[in-house]
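Put chain B on the given structure of chain X with help from the hints.
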Amino acid sequence: DAGVIQSPRHEVTEMGQEVTLRCKPISGHDYLFWYRQTMMRGLELLIYFNNNVPIDDSGMPEDRFSAKMPNASFSTLKIQPSEPRDSAVYFCASRPFSAGEQFFGPGTRLTVL
Amino acid sequence: QQPVQSPQAVILREGEDAVINCSSSKALYSVHWYRQKHGEAPVFLMILLKGGEQKGHDKISASFNEKKQQSSLYLTASQLSYSGTYFCGTERENDYKLSFGAGTTVTVRA
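Heads up: the sequence lines are chains X and B, in that order.
Residue numbering for the first sequence follows the working numbering, beginning at 5 and increasing consecutively.
Residue numbering for the second sequence follows the working numbering, beginning at 16 and increasing consecutively.
Here chain X stands alone, though its shape is the one from the complex (with noise of 0.2 Å):
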């Protein structure tokens, strides 16, 4: 399996634009989860998706960021509009139901100017 595949490795926007992060979970796993990495506020979980349907954003700063999953081998994170302040590492990560394991994608480094 390729594992989890997110896109694009590297965004450089300007502050106002809209980004869309994606993510492809490992094939099968039933949980998706998107996490921010920041050295001010570590690692943060924002929204988690449980076969397709989101079950806790609580951690989702503001409404400027949204999440979907349309189907079970696709997600989005968007931020409309962006910020400097939402400059950071996203990561994706994907569980299957079965274990705790939590398989984590490379990330997707923002940078707002």
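Derived from the structure by calculation, the hints contain no laboratory data.
We treat Cβ as the ideally placed atom computed from N, Cα and C, and that holds for glycine.
Be a bit skeptical, because a hint or two may be false.
[Stated by the list, open to error] Think about it this way: if two alpha-carbon atoms lie no more than 27 Å apart in a straight line, the pair counts; the simulated DSS-like pairs of lysine-lysine are:
no. : chain 1 : residue 1 : chain 2 : residue 2
1   : X       : K28       : B       : K52
2   : B       : K41       : B       : K83
3   : B       : K41       : B       : K65
4   : B       : K112      : X       : K72
5   : X       : K82       : B       : K112
6   : B       : K82       : B       : K112
7   : X       : K28       : X       : K82
8   : B       : K41       : B       : K82
9   : B       : K112      : X       : K28
[As the list claims (entries may be wrong)] Footprint (simulated), chain B over chain X, 3 or more residues, beta carbon under 8 Å:
no. : stretch
10  : 39-51
11  : 107-117
Okay, now just chain B, sitting in the frame of chain X:
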């Protein structure tokens, strides 16, 4: 609530041992340990379920004290490849999300 990790950083020489601690104020179902190298994604090391189970992976092992809601990661006879930032992630019963600690940066020198 985020678990508390200690120490924040540790420097070792090859062959030395280290212990990283993780504690939570909440009742836990499991504790996960991950290692992250600079510029890379976190990589799973091991999971410990409530019950005080101890696990090992090569010369890296961990324990979970359910009564104290504490877990410890043991690096034994450290190797250069052990360098990185170690995170504990805690999971509560019937709650499939992880709360990660701030991380412990381990540097192993020759």
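Hint check:
| no. | hint | verdict |
| --- | --- | --- |
| 1 | X:K28 <-> B:K52 | 22 Å, holds |
| 2 | B:K41 <-> B:K83 | 10 Å, holds |
| 3 | B:K41 <-> B:K65 | 13 Å, holds |
| 4 | B:K112 <-> X:K72 | 17 Å, holds |
| 5 | X:K82 <-> B:K112 | 21 Å, holds |
| 6 | B:K82 <-> B:K112 | 21 Å, holds |
| 7 | X:K28 <-> X:K82 | 15 Å, holds |
| 8 | B:K41 <-> B:K82 | 11 Å, holds |
| 9 | B:K112 <-> X:K28 | 19 Å, holds |
| 10 | 39-51 | holds (count 4) |
| 11 | 107-117 | holds (count 5) |
The structure fails none of the hints (numbered hints given earlier).
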